[in-house]
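S.K.: With chain A's structure known, arrange chain B on it following the hints.
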Amino acid sequence: MALTERTVEDKIEIVGDYKHIQVRTATVIERDGVEISRSFSRHVVAPGDDVSGESTEVQAIAAAVHTAEVIAAYQAHVASSQLGE
Amino acid sequence: MSKARDLAASTFTDAITANGGIYLGGTGSENLLDDIEAGSWTPTLNVGSVTIDHSAYVKVGNLVTVTSDLTDITNTTSTSDVIVSGLPFASASQGRFVGSVMFRYVTPPSNAIQLVPYMGNSANSFSFYWSFNNSSTWDGMQYANATQAWDMYFTLTYRTS
Numbered sequence: 002m003a004l005t006e007r008t009v010e011d012k013i014e015i016v017g018d019y020k021h022i023q024v025r026t027a028t029v030i031e032r033d034g035v036e037i038s039r040s041f042s043r044h045v046v047a048p049g050d051d052v053s054g055e056s057t058e059v060q061a062i063a064a065a066v067h068t069a070e071v072i073a074a075y076q077a078h079v080a081s082s083q084l085g086e
Numbered sequence: 050m051s052k053a054r055d056l057a058a059s060t061f062t063d064a065i066t067a068n069g070g071i072y073l074g075g076t077g078s079e080n081l082l083d084d085i086e087a088g089s090w091t092p093t094l095n096v097g098s099v100t101i102d103h104s105a106y107v108k109v110g111n112l113v114t115v116t117s118d119l120t121d122i123t124n125t126t127s128t129s130d131v132i133v134s135g136l137p138f139a140s141a142s143q144g145r146f147v148g149s150v151m152f153r154y155v156t157p158p159s160n161a162i163q164l165v166p167y168m169g170n171s172a173n174s175f176s177f178y179w180s181f182n183n184s185s186t187w188d189g190m191q192y193a194n195a196t197q198a199w200d201m202y203f204t205l206t207y208r209t210s
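Protein chains in written order, with my numbering: chain A, 2 to 86; chain B, 50 to 210.
Please note that the accuracy of each hint is not assured.
Here are a few chain A residues that face chain B, going by a calculated C-beta distance under 7 Å [to be verified]: (1) Gly34; (2) Arg39; (3) Phe41; (4) His44.
No more than 20 Å apart at the CA atoms, straight line, and that leaves these computed lysine to any residue pairs for SDA-like [stated by the list, open to error]: (5) A:Lys12 to B:Thr66; (6) A:Lys12 to A:Gln60; (7) A:Lys12 to B:Asn80; (8) A:Lys12 to A:Thr28; (9) B:Lys108 to A:Phe41; (10) B:Lys108 to B:Gly70; (11) A:Lys12 to B:Thr91; (12) A:Lys12 to B:Lys108; (13) A:Lys12 to B:Ser78; (14) A:Lys12 to B:Asn68; (15) B:Lys108 to B:Ala67; (16) B:Lys108 to A:Glu55; (17) A:Lys12 to A:Ser81; (18) B:Lys108 to A:Glu14; (19) B:Lys108 to B:Ser78; (20) B:Lys108 to A:Gln60; (21) B:Lys108 to B:Pro92; (22) B:Lys108 to A:Ser42; (23) B:Lys108 to B:Ala141; (24) B:Lys108 to B:Asn80; (25) A:Lys12 to B:Ala67; (26) A:Lys12 to A:Ser42; (27) A:Lys12 to B:Asn111; (28) A:Lys12 to A:Val59; (29) A:Lys12 to A:Arg32; (30) B:Lys108 to A:Arg25; (31) B:Lys108 to A:Glu10; (32) A:Lys12 to A:Ala63.
To be clear, the hints were calculated from the coordinates, so they are not data collected in a lab.
Just so you know, even glycine gets a beta-carbon here, dropped at the ideal spot from N, CA and C.
The following block holds chain A by itself, in its conformation from the complex (with noise of 0.2 Å):
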């Protein structure tokens, strides 16, 4: 009997009006090749986000989506969105 783990991003999704890439990373334990558990975490990628530490596949979408105006915009309505203090 062998029991084995491994991890996959099961499931990337590009969301809302400033191009978010959710990304779900599962953690699925194996007996024998036979799945017996999954787990999930899960982060968000921002454009403008360093993408250096995240998988090929998030850093060509970012790359695709997260474009020079995508990203002034987000961190125009990041700015507009803090509370008066």
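M.R.: Chain B in isolation, oriented as in the chain A frame:
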């Protein structure tokens, strides 16, 4: 052809798979529950280091609830607002979202009556704001509000796309 089935008075002993979702209380789009997911996430702070425990999320429909314990937050001098990122989903394009937080080793500003996590729309991070009994503004919580290595436990519910 409709694939809807009336399950009245049915009893199931095993899990039900409904990839298209389930209508509850009606058959309109507002009655369709099409997604439930639970998992973990990794909060990050914009300044300093922190110990993270119990960081979990639950998504029911388009409503996401995140929880986490942030302890031993080291920075107590920065005048930057405390910002938490790493959320599992971006917030929806409309709305403001407010949660609850418990903290210690933090000195509230004068006349502050409440501290809450606050997330704007189309965001993947949030910050903490003080409310006051004598001011029309909200102030962002700063690391310098802390008196020593400090802790906070929070819950935030927000809508996603």
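S.K.: It remains to establish, for every hint, whether it holds in the given structure.
M.R.: Structure-based check of all given hints:
At a threshold of 7 Å, the smallest CB-CB gap from glycine 34 (chain A) to chain B is about 22 Å, leaving the interface hint violated. Annotation: arginine 39 (chain A) was flagged as interfacial toward chain B, and the flag is violated, the nearest CB pair being 10 Å apart, outside 7 Å. The closest approach between the C-beta of phenylalanine 41 (chain A) and any C-beta of chain B is roughly 3 Å, which is under the 7 Å cut-off, so the hint is satisfied. Because the smallest distance between the Cβ of histidine 44 (chain A) and any Cβ of chain B comes to about 6 Å, under 7 Å, the interface hint for this residue holds.
In summary, the hint linking lysine 12 (chain A) to threonine 66 (chain B) is supported, as the alpha carbons are separated by about 19 Å, within the 20 Å threshold. Note on lysine 12 (chain A) and glutamine 60 (chain A): the hinted pairing holds, with a Cα-Cα distance of about 15 Å set against a maximum of 20 Å. As the CA atoms of lysine 12 (chain A) and asparagine 80 (chain B) are separated by approximately 25 Å, the hinted pair breaks the 20 Å bound. Between the alpha carbons of lysine 12 (chain A) and threonine 28 (chain A) the distance comes to roughly 12 Å, so the proposed pair stays at or under 20 Å and holds.
For a cut-off of 20 Å, the pair hint linking lysine 108 (chain B) to phenylalanine 41 (chain A) stands: about 12 Å separates their Cα positions. The suggested pairing of lysine 108 (chain B) with glycine 70 (chain B) holds, with an alpha-carbon distance near 14 Å, which does not exceed 20 Å. Using a Cα cut-off of 20 Å, the hinted pair lysine 12 (chain A) and threonine 91 (chain B) holds, with the two alpha carbons roughly 17 Å apart. Annotation: proposed proximity of lysine 12 (chain A) to lysine 108 (chain B) holds, straight-line Cα distance about 15 Å (limit 20 Å).
Note on lysine 12 (chain A) and serine 78 (chain B): the hinted pairing is violated, with a Cα-Cα distance of about 24 Å set against a maximum of 20 Å. With a CA separation close to 16 Å, the supplied pair lysine 12 (chain A) and asparagine 68 (chain B) stays within the 20 Å bound. With a C-alpha separation of about 16 Å, the suggested pair lysine 108 (chain B) and alanine 67 (chain B) falls inside the 20 Å cut-off, and the hint holds. A hinted pair counts as satisfied when its Cα atoms are at most 20 Å apart, and lysine 108 (chain B) with glutamate 55 (chain A) does not qualify at roughly 23 Å.
Distance restraint check for lysine 12 (chain A) and serine 81 (chain A): the Cα-Cα separation of roughly 31 Å exceeds the 20 Å cut-off, and the hinted pair is therefore not satisfied. The straight-line distance between the Cα atoms of lysine 108 (chain B) and glutamate 14 (chain A) is roughly 15 Å, inside the 20 Å bound, and the hint therefore holds. Of the supplied pair hints, the one linking lysine 108 (chain B) and serine 78 (chain B) holds, its CA atoms being roughly 18 Å apart against a limit of 20 Å. About 26 Å separates the Cα atoms of lysine 108 (chain B) and glutamine 60 (chain A), which puts this hinted pair outside 20 Å; it is violated.
Distance restraint check for lysine 108 (chain B) and proline 92 (chain B): the Cα-Cα separation of roughly 17 Å lies within the 20 Å cut-off, and the hinted pair is therefore satisfied. At most 20 Å may separate the alpha-carbon atoms for a hinted pair to count; lysine 108 (chain B) and serine 42 (chain A) meet this at roughly 12 Å. Our distance criterion of 20 Å between C-alpha atoms is met by lysine 108 (chain B) and alanine 141 (chain B), whose separation comes to about 13 Å. The hinted pair formed by lysine 108 (chain B) and asparagine 80 (chain B) meets the criterion: a straight-line CA distance of about 16 Å does not exceed 20 Å.
Distance restraint check for lysine 12 (chain A) and alanine 67 (chain B): the Cα-Cα separation of roughly 19 Å lies within the 20 Å cut-off, and the hinted pair is therefore satisfied. In summary, the hint linking lysine 12 (chain A) to serine 42 (chain A) is supported, as the alpha carbons are separated by about 11 Å, within the 20 Å threshold. Restraint check for lysine 12 (chain A) and asparagine 111 (chain B): the C-alpha separation of about 16 Å stays at or below 20 Å, so the hint holds. Taking the CA atoms of lysine 12 (chain A) and valine 59 (chain A), the gap is near 11 Å; set against the 20 Å cutoff, the hint holds.
For the proposed pair lysine 12 (chain A) and arginine 32 (chain A), the alpha carbon gap of about 23 Å is over 20 Å, so the pair is violated. Note on lysine 108 (chain B) and arginine 25 (chain A): the hinted pairing holds, with a Cα-Cα distance of about 13 Å set against a maximum of 20 Å. Under the criterion of a C-alpha separation no larger than 20 Å, the hint pairing lysine 108 (chain B) with glutamate 10 (chain A) is consistent with the structure, at around 18 Å. Between lysine 12 (chain A) and alanine 63 (chain A) the CA atoms are separated by roughly 15 Å; this keeps the pair inside 20 Å, and the hint holds.
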